[in-house]
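Single-letter residue listing:
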Amino acid sequence: MSEARLFKPRFNPAKPAFGILVFLLYLFLLAPLLIVFVVSFASNQYLSFPPEGLTFKWYEMLPEESTFVNGMRVSLIVAVIVTAIVLALGVPVALALDRFEFKAKAAVQSFFLSPLLIPSIVLALGMVLLFGPLNLNNTYTGIIIGHVAITIPFVIRTTLMSLATTDTSCEAAARILGAGSWTVFRRITLPIIQPGVIAGGVIAFIVSFDEAVISLFVAESGLPTLPVQVLRYVENSADAAVAALSVILILISLAVVVVVERVMGLRKALR
Amino acid sequence: MTESKLSIVDLTKRYAAGLDPAVDRLNMEVEEGHLVALLGPSGCGKTTTLRMVAGLMDPTAGSIVVDGKEITHTPVNKRGMGMVFQSYALFPHMNVEQNVAFGLQMRQTSKSEQKRRVAGALDMVQLGHLSKRQVKELSGGQQQRIALARALVVEPTLLLLDEPLSNLDAKLRETMRTEIRSIQQRTRATTLFVTHDQDEALDMADRIAVMNGGLIEQFGSPTDVYERPRTRFVANFIGQANFLNARVLSETGSAAKGETHYRVSIDGLGQFGAVGAPGLTGSTHELVIRPHRLRVSLQPAGTETIAGVIERVNYTGDALSVAVKAGDRVLQAQMPTSSGDLPRAGDAAYLSWNEQDAYLLPTPVKEPAA
Ligand SMILES: Nc1ncnc2c1ncn2[C@@H]1O[C@H](COP(=O)(O)OP(=O)(O)O)[C@@H](O)[C@H]1O
Ligand SMILES: [Mg+2]
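These protein sequence lines are chains L and D, in that order. The working numbering puts the first residue of the first sequence at 1, with every later residue one more than the last. The working numbering puts the first residue of the second sequence at 1, with every later residue one more than the last.
Hints are not guaranteed to be accurate.
To be verified - Derived CB-CB ranges, DEER-like:
{"id": "1", "chain 1": "D", "residue 1": "25", "chain 2": "L", "residue 2": "80", "range": "55 to 61 Å"}
{"id": "2", "chain 1": "D", "residue 1": "78", "chain 2": "L", "residue 2": "210", "range": "46 to 52 Å"}
{"id": "3", "chain 1": "L", "residue 1": "17", "chain 2": "D", "residue 2": "314", "range": "58 to 64 Å"}
{"id": "4", "chain 1": "L", "residue 1": "140", "chain 2": "D", "residue 2": "113", "range": "50 to 56 Å"}
{"id": "5", "chain 1": "L", "residue 1": "100", "chain 2": "D", "residue 2": "224", "range": "39 to 45 Å"}
{"id": "6", "chain 1": "L", "residue 1": "56", "chain 2": "D", "residue 2": "105", "range": "53 to 59 Å"}
{"id": "7", "chain 1": "D", "residue 1": "132", "chain 2": "L", "residue 2": "80", "range": "36 to 42 Å"}
{"id": "8", "chain 1": "D", "residue 1": "126", "chain 2": "L", "residue 2": "261", "range": "36 to 42 Å"}
{"id": "9", "chain 1": "D", "residue 1": "78", "chain 2": "L", "residue 2": "122", "range": "47 to 53 Å"}
{"id": "10", "chain 1": "D", "residue 1": "137", "chain 2": "L", "residue 2": "257", "range": "27 to 33 Å"}
{"id": "11", "chain 1": "L", "residue 1": "122", "chain 2": "D", "residue 2": "105", "range": "49 to 55 Å"}
{"id": "12", "chain 1": "D", "residue 1": "105", "chain 2": "L", "residue 2": "99", "range": "23 to 29 Å"}
{"id": "13", "chain 1": "D", "residue 1": "75", "chain 2": "L", "residue 2": "116", "range": "36 to 42 Å"}
Just so you know, these hints were derived from the structure itself, not from any lab. Cβ coordinates follow ideal geometry from the N, Cα and C atoms, glycine included.
Take the sequences, apply the hints, and build the full model.
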């Protein structure tokens with residue numbers, strides 16, 4: 001009988017092997033992070049492994065290193081503004097792509113998703129050349145335009161995914177019950193696609209905060225972001241301060257994800 | 001002329017230029033308090049019609065009048081309708097109470113009034129105890145009732161139901177059929193009910209609009225469309241039917257409801273009595289006889305009978321269907337079952353009927369070109 005196959009054997013020798021494989025894969029992916037973490041506490045004078053002793057001096061150095069502090073400020077301002085813009089643009093674009101049939105639909109879709117496929121270095125080069133005559137190099141506007149271009153595909157993708165699983169008759173039902181377009185969007189559509197929108201926003205924030213190539217081309221001299229400062233720092237000095245900084249950055253990213261998850265999770269539980 | 005609650009005048013929808021219209025010059029008058037079923041096979045334009053009445057879709061032509069006011073171009077959120085979707089379309093991020101209250105909030109009803117009416121609507125569908133439940137914690141039947149409560153709580157001008165029972169299992173469908181009908185009668189909500197299930201339509205509706213290819217083939221009471229189908233399509237779609245081409249020879253008297261008795265001749269089988277609209281003499285019409293209205297006798301009996309041979313017997317416990325071959329035709333008939341001997345394939349059978357059960361379709365059959 002074919003049904004017999006549905007019963008799994010009690011001991012499957014593939015299982016422990018699979019577990020080991022997964023463990024090794026994780027180890028491989030996380031090893032660089034672990035090393036950075038260890039090195040950030042190492043007293044070695046230069047960036048190297050294994051550690052010779054334990055110290056907190058690299059962390060103590062960070063607030064005094066003005067390039068890092070300035071870079072952090074620029075990066076945060078950029079990431080926050082980019083996230084806001086990209087949500088304000090990306091969600092309507094995704095809605096239009098999902099809900100309307102129009103002639104240029106395929107073209108619009110590929111246009112907004114194309115930055116994912118083009119190497120950032122090519123984009124960055126194009127932007128420098130374009131921004132020159134517009135006086136946008138070394139300005140917030142320039143960096144933000146660049147970051148919006150590379151992060152908007154994420155928001156559109158995650159929002160489209162949420163939209164694909166929603167029942168459009170919910171919106172129709174709300175309209176029949178007397179809701180105008182804006183009320184329908186605010187009270188029905190947005191809450192339903194909220195998980196996709198938030199996920200897109202978080203990814204956009206992290207990608208922008210992390211972005212080095214475009215920032216380097218567009219604003220290296222005038223308005224260096226944190227990743228640019230890190231690159232510069234590593235060029236000139238070889239101590240473990242960057243490792244300490246990296247750990248801080250990882251913790252910030254983690255904190256964003258955890259906070260969002262908590263807030264969302266909480267809200268869901270309360271509803 | 002009594003004012004109807006809803007008038008649909010020459011309503012037409014063409015999805016794209018060049019395509020056949022999905023709804024083609026549809027006309028319908030619905031009385032206050034009636035439940036009207038839009039009945040027809042899939043793709044005949046039922047949903048399109050309903051969505052135009054709801055305002056979710058603009059008609060290509062024609063008009064919709066409710067309570068004497070033309071609403072053809074009134075925006076959907078200003079029409080004050082209530083609709084239950086096939087998928088129920090409950091708001092997944094709100095609980096039961098919030099779902100039902102939504103329409104009242106849109107109408108700026110006071111908080112206390114909202115509370116009272118939501119409770120009333122939930123009681124009406126017997127789900128008062130679930131008011132704080134999340135939508136996804138409800139069964140299909142419960143979601144259906146909440147959707148109904150949400151539509152009715154606003155006291156809609158029209159209640160629109162698009163195949164509300166098709167996602168339920170057979171048992172629950174029967175229960176909900178009765179329940180929806182009784183709630184509809186209690187609230188006297190004028191209702192359009194889309195379905196492709198003729199039993200549902202016959203059981204629930206005051207009037208049935210039988211649709212086919214974007215047209216209404218017939219609009220009438222359940223007994224009208226069942227007993228007096230206007231077209232072959234209607235006779236076939238609602239219940240089963242035998243069709244026999246009959247030449248109408250002469251009138252033999254007047255029948256009830258303005259109809260006329262006729263003598264007809266059926267090729268190769270003889271002359272019989274039938275009934276139909278006045279003025280059919282001289283042309284050929286299709287004669288419709290329901291299988292259970294055919295008397296089957298195993299001995300020759302009387303004169304106006306069709307003699308044949310039983311070709312097939314289907315025993316379902318309650319009934320016995322037999323296929324009787326007479327000449328080159330096969331007729332379906334039903335017999336009461338008994339615990340005694342049952343007829344078998346190969347037995348001789350003699351079919352007869354009451355004159356008023358043999359109905360001539362009003363439109364003549366086109367004579368084959370000689
Ligand atoms: N959005 C649409 N675009 C083009 N054609 C459509 C659309 N919706 C329905 N149709 C067509 O219109 C006809 C009627 O559809 P519908 O009203 O949904 O039928 P029913 O509800 O009776 O099954 C069908 O032939 C269907 O294919
Ligand atoms: Mg339909």
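Evaluation of the provided hints:
no. : hint                        : in the structure
1   : 25(D) - 80(L): 55 to 61 Å   : holds (58 Å)
2   : 78(D) - 210(L): 46 to 52 Å  : holds (49 Å)
3   : 17(L) - 314(D): 58 to 64 Å  : holds (59 Å)
4   : 140(L) - 113(D): 50 to 56 Å : holds (52 Å)
5   : 100(L) - 224(D): 39 to 45 Å : holds (44 Å)
6   : 56(L) - 105(D): 53 to 59 Å  : holds (57 Å)
7   : 132(D) - 80(L): 36 to 42 Å  : holds (38 Å)
8   : 126(D) - 261(L): 36 to 42 Å : holds (39 Å)
9   : 78(D) - 122(L): 47 to 53 Å  : holds (52 Å)
10  : 137(D) - 257(L): 27 to 33 Å : holds (29 Å)
11  : 122(L) - 105(D): 49 to 55 Å : holds (51 Å)
12  : 105(D) - 99(L): 23 to 29 Å  : holds (24 Å)
13  : 75(D) - 116(L): 36 to 42 Å  : holds (39 Å)
Consistency note: the structure conflicts with none of the earlier hints.
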